[in-house]
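A.B. asks: Sequence lines, in order, name chains A and B.
Heads up: the first sequence runs through residues 1 to 355, numbered per UniProt numbering.
Heads up: the second sequence runs through residues 1 to 355, numbered per UniProt numbering.
Calculated directly from the structure, the hints in this document are not laboratory data.
Built from N, CA and C at the ideal position, the CB exists for glycine as well.
Everything hinted at is true.
Computed beta-carbon distance windows for the label pairs:
1) Lys327/B / Ser83/A: 34 to 42 Å
2) Asn42/B / Thr54/A: 18 to 26 Å
3) Thr54/A / Gly262/B: 57 to 65 Å
4) Gly323/A / Ala131/B: 53 to 61 Å
5) Gln99/B / Thr54/A: 39 to 47 Å
6) Ser83/A / Asn317/B: 42 to 50 Å
7) Asn79/A / Thr82/B: 51 to 59 Å
8) Arg354/B / Arg98/A: 36 to 44 Å
Examples of chain B residues toward chain A, derived with CB under 7 Å:
9) Gly31
10) Lys33
11) Val48
12) Thr284
13) Asp302
14) Lys327
15) Asp329
16) Leu334
Non-contacting residues of chain B with respect to chain A, defined by C-beta distances greater than 10 Å in every case (computed):
17) Thr82
18) Leu108
19) Ala132
20) Met151
21) Gly157
22) Thr163
23) Asn186
24) Ile264
25) Gly343
There are 2 protein chains.
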Amino acid sequence: MNNALPIGATIGILGGGQLGRMLAVAAARLGLKVHIFEPSANPPAGDVAHRVTTASYEDHAALTAFGQSVDVITYEFENIPTSALDLLETLAPIHPGRQALATSQDRLIEKTFLQGLGLQTAPFADVPDMAALDVAIASIGAPAILKTRRMGYDGKGQSRIKTAQDAPRALADMAEAPAILEGFVNFTHEVSVIGARGQDGSVACYDPGENVHQDGILRTTKVPANLTASQRTDAVLIAARILNALDYVGVMGVELFVTPQGLIVNEIAPRVHNSGHWTQNGCTICQFEQHIRAVAGWPLGDGSRHADVIMENLIGNDMDRLGDYAKTDAAIHLYGKAEVKPGRKMGHVNRIFRA
Amino acid sequence: MNNALPIGATIGILGGGQLGRMLAVAAARLGLKVHIFEPSANPPAGDVAHRVTTASYEDHAALTAFGQSVDVITYEFENIPTSALDLLETLAPIHPGRQALATSQDRLIEKTFLQGLGLQTAPFADVPDMAALDVAIASIGAPAILKTRRMGYDGKGQSRIKTAQDAPRALADMAEAPAILEGFVNFTHEVSVIGARGQDGSVACYDPGENVHQDGILRTTKVPANLTASQRTDAVLIAARILNALDYVGVMGVELFVTPQGLIVNEIAPRVHNSGHWTQNGCTICQFEQHIRAVAGWPLGDGSRHADVIMENLIGNDMDRLGDYAKTDAAIHLYGKAEVKPGRKMGHVNRIFRA
Chain A
1 MNNALPIGAT IGILGGGQLG RMLAVAAARL GLKVHIFEPS ANPPAGDVAH RVTTASYEDH
61 AALTAFGQSV DVITYEFENI PTSALDLLET LAPIHPGRQA LATSQDRLIE KTFLQGLGLQ
121 TAPFADVPDM AALDVAIASI GAPAILKTRR MGYDGKGQSR IKTAQDAPRA LADMAEAPAI
181 LEGFVNFTHE VSVIGARGQD GSVACYDPGE NVHQDGILRT TKVPANLTAS QRTDAVLIAA
241 RILNALDYVG VMGVELFVTP QGLIVNEIAP RVHNSGHWTQ NGCTICQFEQ HIRAVAGWPL
301 GDGSRHADVI MENLIGNDMD RLGDYAKTDA AIHLYGKAEV KPGRKMGHVN RIFRA
Chain B
1 MNNALPIGAT IGILGGGQLG RMLAVAAARL GLKVHIFEPS ANPPAGDVAH RVTTASYEDH
61 AALTAFGQSV DVITYEFENI PTSALDLLET LAPIHPGRQA LATSQDRLIE KTFLQGLGLQ
121 TAPFADVPDM AALDVAIASI GAPAILKTRR MGYDGKGQSR IKTAQDAPRA LADMAEAPAI
181 LEGFVNFTHE VSVIGARGQD GSVACYDPGE NVHQDGILRT TKVPANLTAS QRTDAVLIAA
241 RILNALDYVG VMGVELFVTP QGLIVNEIAP RVHNSGHWTQ NGCTICQFEQ HIRAVAGWPL
301 GDGSRHADVI MENLIGNDMD RLGDYAKTDA AIHLYGKAEV KPGRKMGHVN RIFRA
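All chains should be modelled from the sequences, with the hints used to inform the complete structure.
C.D. replies: See below:
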């Protein structure tokens, strides 16, 4: 394996939540050590990591020590401060790369990039000011939704525009952050493709999953998705086109709306993705190991699906049903979070169905 | 789940090798923390454990602190000093229990126990002294093998007796340790059953695997094993009988010789077992999670097999072939051991075949 990290090498992971935790387990399976960088104390990934640094992304001394201790850097979330990335990239390779991060961190850049690849997106327009918003509403129509270009956490930074009269209030909601107007897409359902690309340029995509959200949080993913054979092929080709265009290394989640006019790209996430958790029990090599293989320079593994799966997130008080799930033949995956809170992802369950 | 350990509870594991490492990952998946107790520094399990204590089994202060910090205790090897167990059992429940340990630690007690259950074993006789050895050879015949009753590591404490003339030299090899004479069994192949028993008394056994050893070390395990349907049933019933008789909690490995006269029990191991590593990729719930579920008081999980598997150990320089394996659709499991040594188990590979 040319360029592959040797056994015992260390992967640095920015973020110590459940995605970092499951990445850490996958890395251990391949004989690699993990160093987690996370501002919060006692992160879920800490239980299964070789080493944890608890420090903020503004702590450049801590970032430097972290960067010097690892052989490659990856991350579990895309909103990493640019200053931290600027420092870290001088110390170790970062995968997926800066282009993928820059693209997915900004809705305007993301949608412009996707359209440049000939892919369909929701109609959108840049909204630097009130005049631009008026033009955008005239062009895209209402209802529409005004969003900050850079993502906020927990769905903040979004404002609905039912009619043109809502425009001033919506722009005020942005608090002067650069914004983008998006038109609504009339879709029947959402699917996602979890794709991977190795350092050798090889691409492997998992079978698309069908997602159901509730209150803005992913509730279930089901494979196979409700797609025709040609839609399934389209979905995988779209993901592969994005991966190649970004010279991507690692796993990416690509969310797609299914419409009578074809598949429309909703958004891309440059990381392992909640809608790919089914791969832990439906495939030999799960998305977490696939990501580690890619960032470590290993060949990608076998991502073929050997079962139908319904993945259900355990959110907040869903944990009350844990005892019931434990009695079934489902596979349970918990994140080791001490406190149950409403809306908090505590774990997930994969129910497996074989033909 | 009555009596089940709650999320966030801590499982203490005696031994930090690869079995402890894979148990720790399974515990994390169920939201449980792991505290490893291991005399050697930097044990393989340390990379994926919440906490590690590095201390000897004679260090009663360290044992006490360990025992007080955990909710239940289990182990990855059976030769735990009795004095350590005496201390630990006053601090937390130990699963599998003392009866299973006492039985498997002593070949004479083990074989007597198995025969008491109506199971077939190799012919054997207690050899407290030279007079007893002469009687035993007259009864069992030669060739035969003299073994210390309590297991030594790495195959020590065994001496072959080709003819009666070898008896004095063989007894001298025992260095005055209590011994047992075992007759040879004429078997066609070896299989093993990985069985589990929960705290509620429920039993679940994995499909038997067929084992090939080389130089006294397990080389491969293949499922399905070469067994008739009735032999397969017998194998599972034998394991279940042993589990119930010991009021066992956890996973046990039962090694069986296949002979024209039926299945002969070779030995039992009161722990997860190398010949059960195939379950990581052949079943939804692997032997490691099954063991954690049992010792944590959870219901047992689904151990049904969804693929044919050949597990191959990576021993010593087998690691040179790692790059080749990484290019195939096999699943790789490495133990994070820094140094390759001849005869050292570095990892294993599961090759999966679907009908």
